[in-house]
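Enquirer: Protein sequences, first through last, are from chains R and S. Here our numbering runs 6 ahead of the position in the first sequence, where the first position is 1. Here our numbering runs 1063 ahead of the position in the second sequence, where the first position is 1.
Worth double-checking, as some hints may not be accurate.
In silico negatives: residues of chain R with every beta carbon more than 10 Å from chain S [said to hold, decoys possible]:
1) 23
2) 26
3) 29
4) 30
5) 37
6) 39
7) 42
8) 81
9) 82
10) 110
Which residues of chain R face chain S? A few of them, derived with a C-beta cut under 8 Å, are [claimed, not checked]:
11) 7
12) 12
13) 17
14) 18
15) 19
16) 50
17) 80
18) 83
19) 112
Every beta carbon over 12 Å from chain R, so not counted as near; a handful from chain S, in silico [to be verified]:
20) 1152
21) 1163
22) 1239
Don't read these hints as lab results, they were simulated from the structure. The beta carbon of each residue, even a glycine, is placed where N, CA and C say it ideally should be.
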Amino acid sequence: MTIVGSHGAGTLEEATGWVLTPEGLCRDETCVLVPPDAHRDPAAVWSRLGWPMASSGSDVYLGEPASTRSEALASTIAPDFTLRDLDGREHSLSEHRGKKVFLVSWAPY
Amino acid sequence: MWQGLYEELSDNGFVVIAVSFDTRAPDASRPFIEAARATHPSLLDPDHHVADLYNMVNIPNAVWIDEDGRIVRPAESAGTGDEFRMMVRPGGIPADDRRRMVARRARYIDAIRDWVEHGPSSAFVLQPDDAAHRERVHSADDAQAFAHFRFGTWLARQGRHEESQSQLGLAVQLKPNSWAIKRQTWELQEVGKAGGPEFWAAVEALGTAPYYPPADLDR
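Here chain S stands alone, though its shape is the one from the complex (with noise of 0.2 Å):
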């Protein structure tokens, strides 16, 4: 998925690196990731190793990291917003919503561009308070809840599945809006489960509120 705008911008001093949540790798990610021919580092995280970090909560979730090693853009949704609910609707997504989802990552992609042409200098870097102000706080329940999804995701592995389910069960529980965890709780049930009525009755219920906060590139 961007391994067209790492050919494009590695020559200027720029890396992709892509983490893999699935919990269930490699097997489930190899064929995406065969497939999408990537030339830069495309790294698998079953136990959401990064997740916990950088306290990313869903796909795709992105991080701008400069040359020194700082976050000038801390997790934020890569350019994705919600037109993709309309796709379960009659008709799909209306052509408007198409052009705005269209419109929405082509900025985000010249934003990116951006940065890697003007460094420091570029409006989408954050300043350190800006930036620091915008990372997630990680709250006590953030913490517990990674402990129980990462608990979980290792006893999946030693096929303790029953307890495992009842780990990650605590783990959404504490942290309801990372549908990371969601996910691949679901995914961990059943394959495709995912994705299946459980994602999108979740969706639903979400009414007004976001599926993706659109990254905030205005200021």
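Isolated chain R (complex conformation) (with noise of 0.2 Å):
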């Protein structure tokens, strides 16, 4: 099974940033308290969670949960993000502190 997630495709922590850990769910400075009987297995953590999921085969996404996101924008502190360029160097919104951004999307169509 391969977890995939935010931050990239593998193991629970290098999917998503979580870890398991005896305290419960930890990511950073944050735990969500977890049934231990569902330890074992990241995917029945989040359905216990109730956060978002997806899975196709043995693979599952791992998602964020929609509070995470929503906090963060009613808070108005712009979410950092690290994304490559075309030589694949890569760029934090951080390094440009002390800056005014303007982000704007597009795509080639």
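Make the complex out of the two chains shown on their own, each in a separate frame, by following the hints.
Expert: Rendered as structure tokens:
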């Protein structure tokens, strides 16, 4: 089974940034309590929490809950992100702190 | 497209970050980025990570972020309106609509200039409450739609196209207001389909509803 998430694909941590610990499901300073019987199975944890998930074949996508996004947007603090350019070089929004940033979407059609 | 504005304003602490929602990145985006000769960051977001974080539903959508990393204008149409819909009519876009289209874009660009010059005292900078109020609320369906969409793009990269399309189909159903999701789903079915007959039929089906709700610059 491959876990896919907003961070990439692989283990739970590689895919989502979340780790299952004795305290629960943790990322950075946040821990969410999960029933111990669900501990061995990340998909079961997601399902118990009611967080967005999708599956196909033996692979599963574990998404970010809507509340994380809504709280972030309501705070009006621009969430950081890191993306690559054509040359594969990584750029983060936070590198531009101190400047006004015009963040704009496009697509080649 | 934004290179000129960046050159004009970059000495005043202004930067453009262009994000391509092309799910076939970098291949389909490359010729456009190279032709634009952009000197500002021009980034690839095949998984729509930024669309998810900022709830962007279309192109071009833009977010204004100040020096402290605060959103002063949440995602909105970046100077675009619905005049383009006349493109497919006989005779194309009428002269009046064309003028309106040009004027709308000019007004939006002027608003950016005003922000760069006046900062927080610009009339186009929203107060935090207003900015928060204008954010499109991220619903449980939105979050589930992005899960299906991003899983779908991952499956497409694995060459699992049938599985990919069924995930993308679920995303389209859950977030019908997202043209970004809809058009990228078409584009993964067939290159060019995002601007093909299905697209124009879907635009026509909007009736009097806007494709681009214009950015509200008046308050």
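Enquirer: Report the numbers of all earlier hints that the structure fails to satisfy, in ascending order.
Expert: 8, 9, 10, 11, 13, 14, 15 and 16
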